[in-house]
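Build the full structure now, drawing on both the sequences and the hints.
Chains H and Y, in that order, give the protein sequences. When we follow this note's numbering, the leftmost residue of the first sequence carries the number 40, and every step to the right adds one. When we follow this note's numbering, the leftmost residue of the second sequence carries the number 40, and every step to the right adds one.
Just so you know, the hints here were simulated from the structure itself, not pulled from any lab data. It cannot be assumed that every hint is accurate.
Calculated lysine to aspartate or glutamate pairs in the EDC-like style (CA-CA distance at most 20 Å, straight line) [said to hold, decoys possible]:
no., chain 1, residue 1, chain 2, residue 2
1, Y, 327, H, 182
2, Y, 202, H, 197
3, H, 202, Y, 193
4, H, 327, Y, 197
5, H, 198, Y, 225
6, H, 655, H, 90
7, H, 306, H, 461
8, Y, 202, H, 193
9, H, 202, Y, 197
Beta-carbon label-pair distances, calculated as ranges [unchecked claim]:
no., chain 1, residue 1, chain 2, residue 2, range
10, Y, 508, H, 328, 54 to 62 Å
11, H, 46, Y, 179, 52 to 60 Å
12, Y, 591, H, 335, 58 to 66 Å
13, H, 293, Y, 201, 38 to 46 Å
14, Y, 347, H, 407, 51 to 59 Å
15, Y, 426, H, 618, 54 to 62 Å
16, H, 335, Y, 252, 37 to 45 Å
17, Y, 657, H, 328, 55 to 63 Å
18, Y, 412, H, 314, 32 to 40 Å
19, Y, 508, H, 179, 37 to 45 Å
All residues carry an ideal CB built from backbone N, CA and C; glycine is no exception.
Number of protein chains: 2
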Amino acid sequence: MSQEFNPWFGYMGHILRINLTNHKHTIEPLKKDLVESFIGGRGFGIKILFDEVPKGVDPLGPSNKLIFSTGPLTGTKVQSASRWIAQFKSPLTDAYCRSVGGGFFGAELKFAGYDAIIVEGRSEKPVYVWINDDKVEIRDAADVWSMTTYAAQEFLREKTDEKARMVTIGPAGERLVKISALVTDDMRTAARGGGGAVMGSKNLKAIVVKGSKKATIHNEKAFDEAVKEQIETYRKNPAFEHFKNLGTNSIVYLFYTIGHFPTYNFKQLPFEGAGRFTPEILASYVVKHNGCYGCMVRCWKTFKVTHGPYAGIAWDFPEYETHWSYGGLLGNCNIESITYANMLSDLYGLDTISTGVAIAFATELYEKGIIGKSETDGLELKWGSPEAMVELVKRIALRIGLGSLLGEGVKRAAEAIGRGAEKYAIHVKGLELPAYDPRSAKAHGLSFATSPIGASHCIGWNKFEIMGIPRKVDPFGVEGKGEITKYVQDETAAAETAIFCLFTLTNEMVTLDLYSKLLYPATGIEKFKDPRYLWLVGERIFNLERIFNIREGFDVSQDTMPERILKEPVPREPSKGQVFELDILLKDYYKVRGWNERGIPTKEKLKELELSEAAKELKVA
Amino acid sequence: MSQEFNPWFGYMGHILRINLTNHKHTIEPLKKDLVESFIGGRGFGIKILFDEVPKGVDPLGPSNKLIFSTGPLTGTKVQSASRWIAQFKSPLTDAYCRSVGGGFFGAELKFAGYDAIIVEGRSEKPVYVWINDDKVEIRDAADVWSMTTYAAQEFLREKTDEKARMVTIGPAGERLVKISALVTDDMRTAARGGGGAVMGSKNLKAIVVKGSKKATIHNEKAFDEAVKEQIETYRKNPAFEHFKNLGTNSIVYLFYTIGHFPTYNFKQLPFEGAGRFTPEILASYVVKHNGCYGCMVRCWKTFKVTHGPYAGIAWDFPEYETHWSYGGLLGNCNIESITYANMLSDLYGLDTISTGVAIAFATELYEKGIIGKSETDGLELKWGSPEAMVELVKRIALRIGLGSLLGEGVKRAAEAIGRGAEKYAIHVKGLELPAYDPRSAKAHGLSFATSPIGASHCIGWNKFEIMGIPRKVDPFGVEGKGEITKYVQDETAAAETAIFCLFTLTNEMVTLDLYSKLLYPATGIEKFKDPRYLWLVGERIFNLERIFNIREGFDVSQDTMPERILKEPVPREPSKGQVFELDILLKDYYKVRGWNERGIPTKEKLKELELSEAAKELKVA
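And the structure:
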């Protein structure tokens with residue numbers, strides 16, 4: 040154990056900048072300011088994006104940047120802290136976007152010696168990047184272009200290293216489908232916001248990494264003790280067992296019963312098929328358990344389909360969100376078809392949430408007679424039709440017929456279709472809603488409305504309302520919701536500097552207190568000793584993301600909800616009669632946030648967060 | 040180099056017997072008699088099958104045996120000699136069957152120390168066999184049962200060894216589909232005759248092998264010289280370049296023009312789409328070259344599909360036969376759909392020849408009104424419909440609706456349907472015809488009629504008629520066809536003791552002269568020094584296969600052709616007006632074979648072949 044000064048304990052000290060226009064790369068030193076103010080991961084990404092991507096760039100143009108970051112705990116023995124994060128201006132929302140993925144790519148990137156990669160420019164021809172420690176090559180990808188993620192990955196391992204890790208795009212990303220995902224070699228996705236299309240627009244098929252380095256730890260004894268405490272905390276937490284046994288599939292049926300898992304494009308009609316999604320039934324499909332680098336939870340399960348027209352598949356299971364988006368949201372309870380469509384989405388590189396919402400949107404338009412068989416090329420779009428769902432997944436990925444329009448996201452698709460279609464487009468800021476009903480958990484919904492990336496469940500998953508953690512709160516009430524929304528949003532932003540997995544935050548398997556106990560001995564940076572500083576950095580990140588969007592022209596009018604959520608009372612228990620009281624919630628939230636009534640951070644808040652300089656240029660406050 | 044006596048130079052000296060009923064295995068010594076009389080591979084298999092499988096066993100019952108053999112040159116530096124062969128009583132034909140596969144399984148099996156494996160009995164529950172040199176385990180396969188070949192292979196490598204090689208079945212074999220295949224980890228198939236169903240009937244998902252041994256060579260110097268000669272012969276042969284560049288795809292269009300690639304279920308109407316199958320177009324799909332163990336030809340190509348509804352695939356290309364069975368035979372020229380259906384067939388484990396012929400059969404029945412939408416569950420079966428073809432491949436594999444019947448093979452399907460369906464069932468002895476028209480090459484067809492396994496193009500590929508090798512012969516003539524049919528049948532049987540690849544025989548890249556030059560120094564067995572002995576062993580094998588069938592009740596009436604081939608003159612050039620003159624051809628052939636008019640070997644022939652004992656028991660001659 041070394042105790043001498045090293046500014047990069049916990050870090051690798053390098054940022055890799057790859058310019059695809061001129062096929063050059065540079066390795067830049069990590070700066071102390073950046074580390075102290077933003078810690079890592081999501082902090083690095085928004086700071087770099089804010090500083091380097093000017094206002095108004097075309098998200099699919101060469102001036103947009105795609106930033107992949109790791110954190111100071113990535114690749115260490117800390118549990119659940121080795122995720123990777125992609126940040127970019129989103130082609131789906133035209134706003135800031137952060138999208139997080141798991142697997143082994145984050146750890147491998149760090150082992151190669153980098154705290155972040157900045158991808159900029161646009162290659163004339165398809166390429167992939169091969170990073171082998173300090174050796175970085177931009178290579179021709181003609182062979183693997185147009186292949187599914189999985190096929191391309193097999194080829195790329197052969198061309199580089201059998202143990203290489205990678206992030207790839209599939210045919211959807213290549214076709215600039217705006218709901219396309221970034222997909223790792225182990226089928227972990229950073230799916231939301233169209234990162235796949237950003238990568239596709241740069242003609243970049245994959246980033247392939249192999250590394251042999253390791254970050255040094257400042258105080259190994261204290262670090263090891265904190266890790267031990269973390270492991271003990273996990274073992275005592277009932278959520279650990281739930282996630283270990285069945286991952287997010289343990290909550291599918293439960294969440295339906297508490298008013299989430301919104302059915303039939305958020306019409307929220309009773310869904311008879313919900314009983315197919317119990318933990319007992321879903322567990323019967325599991326044939327393998329797996330997990331990310333450095334995580335004892337091992338929440339990935341492999342599903343096997345043994346009968347029916349999708350028999351033969353053994354694939355990474357549909358998460359809670361996907362059982363919903365390809366299931367309950369469409370009135371479909373055919374688990375086999377959901378598993379199959381999930382596989383197609385991984386292969387083509389699609390966001391299963393946005394894709395499912397787009398299919399639900401089309402299905403409701405078909406039901407309402409707004410579109411017909413001429414628009415669907417003869418496909419009958421019925422609620423509860425696995426065949427139509429699977430077919431539309433394919434058409435969206437490959438831009439075939441109506442699929443091409445749906446792949447633009449429901450906001451743009453509704454605008455193009457007109458005829459009142461907008462009413463059925465369930466999104467915030469262009470990002471499709473996930474598997475929660477804002478009417479059934481108001482602070483959770485408030486976070487959808489105010490999230491910088493649009494309707495994301497990950498930006499501020501409200502454990503107060505949903506889990507009663509750290510204290511129980513009435514999910515239907517509107518009082519005090521600003522405060523708890525800010526709490527989870529800031530906490531998440533802070534934890535995503537590590538980069539911790541959200542699943543460990545929602546049950547307090549990880550807290551910012553614990554993070555601080557791990558981070559300080561890892562890095563030796565004095566500031567990180569106090570958990571309150573981590574809270575502050577979380578808030579700083581969240582506010583800088585807000586400022587990014589304000590610079591892009593976003594205002595209070597986009598902190599909103601789809602008409603259905605605002606006006607249609609939920610027809611089923613336990614949320615019967617509930618609507619989403621946007622105005623009350625928003626007013627409270629802005630106040631708690633220290634934002635003015637136009638949703639802009641006040642001068643005081645900016646000063647407190649040391650963001651005055653960033654905001655000053657914009658004259659926003 | 041050792042020159043001392045070793046009875047097993049070239050061989051491993053062991054046969055592994057696996058009994059799935061009692062989950063025991065024994066390692067038995069290879070016997071000198073067996074080696075000297077039958078050499079290896081196909082010779083071993085028929086001899087063991089004949090001796091051990093009694094008359095009349097249910098092919099899908101525990102008493103049928105599944106024999107996998109290697110040859111004395113397998114796993115050595117000899118080129119193109121490392122294939123593996125599976126032999127069994129076929130559930131499709133109720134006759135003897137031999138089915139040959141490539142890849143690395145054969146070499147690996149030999150490296151594990153075995154010249155053959157005999158699989159017998161039936162496990163109560165799904166199992167796989169894990170052979171790691173002398174360590175043999177019969178393991179539970181509950182996890183991988185019902186998975187596609189590829190998914191199961193990934194799982195099995197994880198459970199055994201990352202470098203293990205294997206033969207697996209897919210969902211089709213598990214469902215006892217009678218046209219199901221045996222599929223290696225590199226997607227090489229031993230597809231014909233329903234080996235997949237035999238394996239499935241035994242509840243055996245896979246045989247997984249890893250070996251570390253090598254056969255010793257008797258005279259390394261002479262052996263190396265012969266190998267050098269072989270390599271030089273290859274380099275001088277134009278066929279080498281053709282196969283190396285594009286594999287069997289180099290001949291697709293050519294064979295259409297010379298009267299093969301029979302279109303529209305052998306109606307042989309002109310096929311406009313044939314122009315899509317030129318070498319130039321097919322080459323444009325290739326993204327990778329690959330090959331079997333110890334073969335410099337590397338005739339496998341990977342196809343990539345970049346556009347249309349099947350975009351994203353990168354898969355082992357459709358061979359000549361598959362471009363035909365999923366293409367021209369159905370009037371379909373959509374290469375992308377053929378590639379996709381080929382992939383499905385590998386994943387589900389189907390024989391693409393029989394599957395395509397079954398689909399063509401159904402399509403013609405639909406055209407003739409013998410079946411309608413009620414039988415097809417609404418599917419419109421039209422010539423040239425990629426969608427219907429792909430859907431039927433899936434239904435056949437998974438036994439859905441009409442697919443269940445078609446998976447029994449066209450013979451049984453026609454019997455079940457009645458109403459004159461038999462007229463459109465293109466098979467011999469129950470085995471569907473391959474991509475050659477017997478009316479366009481009479482000796483080639485004569486081999487279909489007389490092959491012990493049914494209409495196989497591999498049992499006696501007539502290079503005289505098709506290639507003009509070793510001498511040019513009029514393909515339409517009937518004179519002298521018995522002799523050249525016997526020639527290629529015996530030669531093939533002999534070469535399949537090695538086990539040489541058929542592709543090297545058809546162009547005389549390999550001859551029995553060369554085989555002898557390789558085999559004698561490899562084994563040191565005096566008898567093998569004379570190529571005439573190899574010819575004799577080939578004839579012995581072929582005749583013992585015949586006797587096996589006679590014992591099963593086959594007679595001259597099954598040495599026949601479908602009605603269409605016998606009666607309908609070919610309507611297109613260059614074979615316009617041709618029919619297949621069965622009686623003349625058969626009479627000549629029997630005579631040349633030394634068989635009586637009932638197709639039974641004469642006493643003299645049996646004596647010459649040292650098969651009197653085998654035949655005596657049957658009282659056949």
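Hint check:
no. : hint                      : result
1   : Y:327 - H:182             : holds, 9 Å
2   : Y:202 - H:197             : holds, 14 Å
3   : H:202 - Y:193             : holds, 15 Å
4   : H:327 - Y:197             : holds, 11 Å
5   : H:198 - Y:225             : holds, 18 Å
6   : H:655 - H:90              : holds, 13 Å
7   : H:306 - H:461             : holds, 15 Å
8   : Y:202 - H:193             : holds, 15 Å
9   : H:202 - Y:197             : holds, 14 Å
10  : Y:508 - H:328: 54 to 62 Å : holds, 57 Å
11  : H:46 - Y:179: 52 to 60 Å  : holds, 54 Å
12  : Y:591 - H:335: 58 to 66 Å : holds, 59 Å
13  : H:293 - Y:201: 38 to 46 Å : holds, 39 Å
14  : Y:347 - H:407: 51 to 59 Å : violated, 31 Å
15  : Y:426 - H:618: 54 to 62 Å : violated, 45 Å
16  : H:335 - Y:252: 37 to 45 Å : holds, 41 Å
17  : Y:657 - H:328: 55 to 63 Å : holds, 56 Å
18  : Y:412 - H:314: 32 to 40 Å : holds, 34 Å
19  : Y:508 - H:179: 37 to 45 Å : holds, 41 Å
Of the hints listed earlier, those the structure fails to meet are numbers 14 and 15, in rising order.
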